[in-house]
Amino acid sequence: MKKESDFFDRPKVRKTLLVMFVVSFIILLVSDFFVHKHSYFYWDGIPAFNAVFGLVGSLSLVLIAKYLRPLIMREEKYYD
Amino acid sequence: MTSIFPPAIVFILGALIIPFLKGRLKSVYMLILPIIAFLVLRGIPEGNYVIAQIMDKDLFLRIDKLSLVFSYVFILVTFIGIIYALHVKESGEHIAAFVYAGSALGVVFAGDLITLFIFWELLTIAALFIIWSNRTKAAQSAGFRYMLVHLFGGVSLLSGIILRVVETGSTDFGYIGLGGLSSYLILLGVAINVGIPPMHSWLVDAYPEASVTGTVFLSAFTTKAAIYVLARAFPGEEILIIAGVVMAVFPIFFAVLENDLRRVLSYSLINQVGFMVVGIGIGIPLAINGAVAHAFADILFKSLLFMGVGAVLYRTGTAKGTDLGGLYKSMPITMIFTLIGAASISALPLFSAFATKSMIITASGKEGMTVVYFLLLFAAAGVFHHAGIKIPFFTFFAHDSGKRPKEAPLNMLVAMGIAAFLSIFIGVYPQALYSILPNMVDYVPYTADHVISQLLLLFGAFTAFAFLMYTRIYPPEKRSINLDTDWFYRKAAPAVVSLIGAPLGRIYAWLSRAILETLPGFLTWFSKNPIGAIKISADSIMLSISGGNKEAQKRLQKEKAAYPGTLKEWSISTAVSIALVIFAVYMILFFS
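Protein chains in written order, with the numbering used here: chain U, 308 to 387; chain L, 22 to 613.
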């Protein structure tokens with residue numbers, strides 16, 4: 308067994324990463340109100356539209372996939 | 022005839038020498054081959070060159086901007102893929118890889134339909150041998166299915182080509198456009214290689230079954246060579262926009278559920294190719310540039326991701342999400358390279374797809390295609406979800422699997438390093454890639470608006486992932502497979518065959534038993550003592566009519582037990598006399 312890092316298991320590192328993420332998210336959200344938009348449709352020019360779209364889109368993606376699972380999931384040996 | 026040496030031939034003929042070389046010499050030779058191909062290519066100015074003739078038809082080599090971009094990235098990824106595979110001692114897979122890459126070069130330089138078809142088929146055969154060189158039973162049967170699907174595509178392409186040559190009298194391969202049966206047949210043949218649903222399942226079926234090194238090659242060539250043909254022959258066809266959007270959207274649902282990480286990557290391959298197909302369908306210069314640029318970037322970051330997951334598979338023996346986790350502790354370099362691949366496919370600013378995928382989405386916005394624009398945006402968030410987060414998260418972080426594999430071998434790290442460097446290079450300095458694109462387009466990816474809105478999209482998606490993981494709503498990884506359209510030929514078709522086949526088989530079995538066993542058996546039994554046999558039969562009938570008379574039953578049993586009994590032996594002379602009498606009667610009748 309060679310040298311082993313536990314960098315991402317340290318609570319301090321995890322907390323720092325989380326804080327960095329939240330802070331940069333807030334900065335981005337605020338700056339989105341001031342940036343000049345080249346929007347193609349009236350709604351994608353709304354500030355923070357992409358953030359909401361990314362959030363809602365991903366939530367629905369996973370939830371739809373989750374409820375699709377009983378329909379398409381089979382055991383590993385299904386085709387054997 | 023000109024004395025041009027086609028770059029495709031460098032690879033295909035060059036591959037034949039590989040089995041005669043050993044050790045370091047073989048490695049050096051394989052690394053030099055792509056360099057030779059590149060130098061040969063640089064030595065040929067743009068233009069059309071007649072290479073040979075078949076049945077009065079010229080076979081062309083065409084070098085223009087569109088074919089050059091594809092050939093550059095094909096040669097580049099061959100070089101990277103060979104470095105990644107240097108530890109493989111057997112020559113078989115290397116030969117197949119070079120023939121495969123050479124065929125892809127042949128496709129992009131084909132100036133006529135005959136050359137196109139020849140290399141198209143060679144591409145399929147070489148891919149098949151790459152799949153088979155994994156030598157597992159799963160790879161073997163996946164290879165057969167791969168072959169059947171692509172043979173169908175090849176036949177469709179060939180029929181289209183023949184019809185077209187008869188209609189137009191020319192074998193020239195250029196813009197075709199939809200209209201008439203021949204063009205539809207050609208498009209169908211190409212669509213199978215592109216992986217347009219429902220003809221996509223060969224990809225997720227076969228690619229994850231190939232070897233660690235083979236999959237890297239497979240991911241690069243077949244679909245992208247087909248994208249080249251679409252861009253050449255069918256730009257601006259509206260049906261491609263619809264097909265592309267479906268391709269970009271539907272695989273992300275499968276990718277979220279899939280447990281085999283190489284299969285997740287195969288779904289994301291379809292999703293990325295979907296963006297390219299949309300770009301070609303939109304057809305304006307910006308969109309075509311976007312499709313080509315994204316193909317270039319995708320070949321690099323997709324091979325990088327396959328290499329990262331492949332290295333993990335090579336070291337741990339598994340690529341299943343359920344069995345992995347916490348590998349960053351012992352494979353940190355592989356983790357960093359995989360993260361770079363993940364960032365590139367997710368179009369994070371400063372990584373390649375940010376500068377390429379956005380051209381396609383922008384083009385759809387410029388053309389006012391509201392639905393397309395938002396579905397592509399959704400697909401972009403979705404790809405971040407499964408390729409950007411899921412792949413690295415479940416492999417290197419998540420729950421600790423307890424596995425502590427060694428870091429990937431040096432050659433694999435070097436190959437991943439090159440692909441990672443190029444993915445960042447394109448992201449940081451996209452002008453280098455833009456300058457070799459087929460159309461002159463002024464596109465600036467780095468605007469404050471674009472950077473911020475893209476980051477917000479990804480941050481939003483990441484927040485969703487974190488929320489779902491934290492609340493445990495995220496569907497846990499499960500050992501399973503997911504049904505896809507290959508179900509139709511793997512389950513439904515065999516079921517239909519057995520549905521029709523089973524009754525037919527039963528009839529056949531009954532007939533053959535009646536004719537070959539029951540009837541001769543009866544005749545043998547009967548001829549042993551015809552009189553006794555008739556008597557038994559008559560008694561049985563009488564018994565069944567009279568209804569269970571005990572005495573008759575006993576008598577019948579006795580008769581059966583005594584059968585055939587001793588027959589009265591006739592002397593030979595009697596038999597001959599009877600025969601002579603019959604013969605005499607026959608003669609009299611005949612001559613009278």
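Don't read these hints as lab results, they were simulated from the structure. Here the structure is a predicted model, which is why all the values come from computation and not from measurement. Note that beta-carbon positions come from the ideal geometry of N, C-alpha and C, so glycine has one too. Fair warning: there could be bad hints in the mix.
Said to hold, decoys possible - A few chain L positions that, by computed beta-carbon distances, are all more than 12 Å from chain U:
#1 LEU37
#2 GLY44
#3 GLN74
#4 MET76
#5 LYS110
#6 GLY257
#7 LEU278
#8 LYS341
#9 HIS406
#10 ILE410
#11 PHE480
#12 ILE528
#13 PRO551
#14 VAL606
#15 MET608
Claimed, not checked - To be clear about the criterion: a stretch of chain L counts as covered by chain U if any three or more of its residues have a C-beta under 8 Å from a C-beta of chain U, and this derived list gives those stretches:
#16 52-65
#17 348-359
#18 382-392
Do the hints match the structure? See the list:
Every C-beta of chain U lies more than 12 Å from that of LEU37 (chain L), the closest at about 37 Å, which supports listing it as non-interface. GLY44 (chain L), annotated as away from the interface, keeps every beta carbon of chain U farther than 12 Å; the closest lies near 28 Å. For GLN74 (chain L), the requirement that its beta carbon stay farther than 12 Å from each beta carbon of chain U is met, with the minimum near 47 Å. No Cβ of chain U comes within 12 Å of the Cβ of MET76 (chain L); the nearest lies about 44 Å off, and the non-interface call holds.
Separation of LYS110 (chain L) from chain U is adequate, the least Cβ-Cβ distance of about 25 Å exceeding the 12 Å criterion. For GLY257 (chain L), the requirement that its beta carbon stay farther than 12 Å from each beta carbon of chain U is met, with the minimum near 20 Å. Distance check on LEU278 (chain L): its Cβ comes as close as 5 Å (rounded) to a Cβ of chain U, failing to clear the 12 Å threshold; non-interface status is violated. Distance check for LYS341 (chain L) against chain U: the nearest CB is about 9 Å away, which does not clear 12 Å, and the non-interface claim fails.
Not every CB of chain U is more than 12 Å from the CB of HIS406 (chain L) (nearest about 5 Å), against its label as outside the interface. Look at ILE410 (chain L): its CB is around 9 Å from the nearest CB on chain U, not clear of 12 Å, so calling it non-interface is violated. Annotated as non-interface, PHE480 (chain L) brings its C-beta within 12 Å of a C-beta of chain U; the closest such distance is 5 Å. Consistency note on ILE528 (chain L): stated as away from chain U, and its beta-carbon is indeed over 12 Å from all of that chain's, at 30 Å minimum.
With a least CB separation of 56 Å from chain U, PRO551 (chain L) remains clear of the 12 Å interface cut-off, as annotated. With a cut of 12 Å on Cβ distances, VAL606 (chain L) stays outside the contact zone with chain U, its closest approach being about 71 Å. Taking the minimum C-beta to C-beta distance to chain U, about 73 Å, the non-interface status of MET608 (chain L) holds against the 12 Å cut. Coverage of the stretch 52-65 of chain L by chain U is violated. Counting CB-CB distances below 8 Å, 0 residues qualify, and the rule asks for three or more.
Coverage of a stretch by a chain is defined here by at least three residues with a beta carbon nearer than 8 Å to that chain's beta carbons; for the stretch 348-359 of chain L and chain U the count is 4, and the condition holds. For the stretch 382-392 of chain L, the assignment as covered by chain U holds, since 4 residues bring a beta-carbon within under 8 Å of that chain's beta-carbons and 3 suffice.
Violated hints for the displayed structure, listed by number in ascending order: 7, 8, 9, 10, 11 and 16.
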